[in-house]
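S.K.: Single-letter residue listing:
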Amino acid sequence: MNGTITGGWGFVWSAYGLTAFFLTAYAVSLFVRLRNERSR
Amino acid sequence: MTPNHRFPRAPYALLALGVILLLLGSYLGLFVAPPEHFMGDVQRIMYVHVPTAWNALLAMTFALVCAIAFLFRGDFRWDARMEAAIEVGVLLAFLLCCQGAIWAKPTWGVWWDWDPRLTTTAVLLFAFIGILALRRFVDDPVRRATWSAVATIIAYADVPIVYYSVTWWNSLHQLQSSPATVSKSFHLPLRMNAFAILFLMTGFIMLRARLASLRLEHELAPPPHELDAVGELA
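One line per chain: the protein sequences are A and B, in this order.
The numbering of the first sequence is numbering that gives the first Met the number 0, which starts it at 0 and goes up by one.
The numbering of the second sequence is numbering that gives the first Met the number 0, which starts it at 0 and goes up by one.
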C-alpha cells in the first residue's frame with residue numbers, strides 16, 4: 000500500500016457519461032420546446 | 000425581439016464549439032494528462048467537475064445581474080434571461096452534485112457527506128429549483144418576474160458561501176481547484192473544458208431566453224375571440 004487510489008475507471012466513466020447524458024438530454028428538450036413554441 | 004435574435008445562429012455556433020472543445024478537453028483529460036499522485040485515475044473527474052462548478056456559479060451570477068436589471072428597468076427581456084440562467088444554473092448545479100458524489104465514493108468512501116461545501120451546494124440547488132417552481136405557480140407576468148427577481152437576489156447570497164465554505168470551515172472537500180492550485184500538466188484539459196462548458200452554457204441560456212420570450216409573447220397576446228371581435232368592429 001502506498002496511499003494511492005488504484006483503479007476507479009468505472010467512476011471516471013460514470014461521471015463523464017452522466018455529464019454527456021444530461022447535457023444532451025437538456026439540449027434535446029430545449030430544441031423540442033422551442034420548436035413547439037414556434038409552431039403555436 | 001431579444002438581442003440574441005439579431006444573431007440567430009450564434010447559440011448554435013456556441014453549442015457546436017462547446018461540444019468540439021469538450022470532446023478534445025475530455026480526451027486530453029482522460030488519456031493524455033498524467034494520473035494524480037494520490038488519487039490516481041479517479042482525479043480525472045476533476046476535468047469535468049471543476050468546470051461544471053465554475054460555470055454553475057457563473058450562470059447564477061448572471062441570473063443575479065438579470066434580476067437586478069429587471070427590478071431597475073422593468074424590461075421583460077431581463078426576466079427571460081433570468082429564467083434561462085436559473086434553469087441552466089440548476090442543470091449545472093445538479094450535474095455538479097452528481098459528479099461530486101461519484102468522485103466522493105472512491106476518495107472519501109461515501110457518496111455524500113453533510114460537510115459545508117456539499118451542504119451549501121445542495122441548498123443552492125434547491126433554492127434555485129424553488130424559484131423555477133415559484134414561476135410556475137404565478138400567472139401574472141409582472142408579479143412573477145418581480146417575485147422571482149427578489150427571490151434570486153436572496154438565493155444568490157448562498158453563492159459566496161458555497162465558494163468560501165472550504166476556507167471558512169473544516170471541510171472534507173479540498174480547497175478550490177484552479178490553474179494556480181493544480182499541477183501544470185493538468186492546466187490544458189481543465190481550461191479547455193472550462194471554456195467548453197462556458198460556450199455550452201451561453202448557447203443554452205441564449206436559446207432558453209428565446210423560449211421564455213416566445214412564451215411571454217403568447218401569454219400576452221389577446222385570445223383569438225377578442226381578435227375576431229376587433230376584426231368585426233373594423
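One or more hints might be untrue.
Computed from the model, here is a short list of chain B residues facing chain A with C-beta under 10 Å [stated by the list, open to error]: (1) L16; (2) I19; (3) L20; (4) D40; (5) I44; (6) F93; (7) Q98; (8) W102; (9) R135; (10) I153; (11) T180; (12) S182; (13) K183; (14) L206; (15) L219; (16) P221.
Label-pair ranges, simulated between beta-carbon atoms [unchecked claim]: (17) I152/B with G16/A: 33 to 43 Å; (18) G2/A with D74/B: 54 to 64 Å; (19) P33/B with F30/A: 16 to 26 Å; (20) E36/A with F37/B: 47 to 57 Å.
These aren't lab readings, by the way, just hints derived from the structure by calculation.
All C-beta atoms, glycine included, are put in the ideal place defined by N, C-alpha and C.
S.K.: Would the hint on P221/B stand, with a C-beta cut-off of 10 Å toward chain A?
M.R.: violated (14 Å)
S.K.: Interface hint check: L206/B, Cβ to nearest Cβ on chain A, cutoff 10 Å. Holds or violated?
M.R.: Interface hint status for L206/B: holds (5 Å vs cutoff 10 Å).
S.K.: Return the status of the interface hint for L20/B: holds when the least beta-carbon distance to chain A is below 10 Å, violated otherwise.
M.R.: violated (13 Å)
S.K.: Restraint: T180/B near chain A, CB-CB cut 10 Å. Satisfied or not?
M.R.: violated (20 Å)
S.K.: Is the gap between the beta carbons of P33/B and F30/A within 16 to 26 Å?
M.R.: violated (38 Å)
S.K.: Just to be sure I understand the hint, the distance between the Cβ atoms of E36/A and F37/B should be within 47 to 57 Å; is that true here?
M.R.: At roughly 50 Å between Cβ atoms, F37/B and E36/A fall inside 47 to 57 Å, so the hint holds.
S.K.: Interface hint check: K183/B, Cβ to nearest Cβ on chain A, cutoff 10 Å. Holds or violated?
M.R.: violated (20 Å)
S.K.: Holds or violated: is there a CB of chain A closer than 10 Å to the CB of I153/B?
M.R.: Violated, about 26 Å.
S.K.: Per the CB criterion, is I44/B less than 10 Å away from chain A?
M.R.: Where the cut-off is 10 Å and the nearest Cβ of chain A is about 4 Å from I44/B, the hint holds.
S.K.: Quick check on L16/B please, does its C-beta sit within 10 Å of some C-beta on chain A?
M.R.: Nearest chain A Cβ about 14 Å off; hint violated.
S.K.: Does the closest beta carbon of chain A sit nearer than 10 Å to the beta carbon of F93/B?
M.R.: This interface hint holds because 7 Å falls under the 10 Å limit.
S.K.: With 10 Å as the cut and Cβ atoms as the points, is I19/B at the interface with chain A?
M.R.: violated (14 Å)
In summary, the structure is inconsistent with hints 1, 2, 3, 9, 10, 11, 12, 13, 15, 16 and 19 from the numbered list given earlier, while agreeing with the others.
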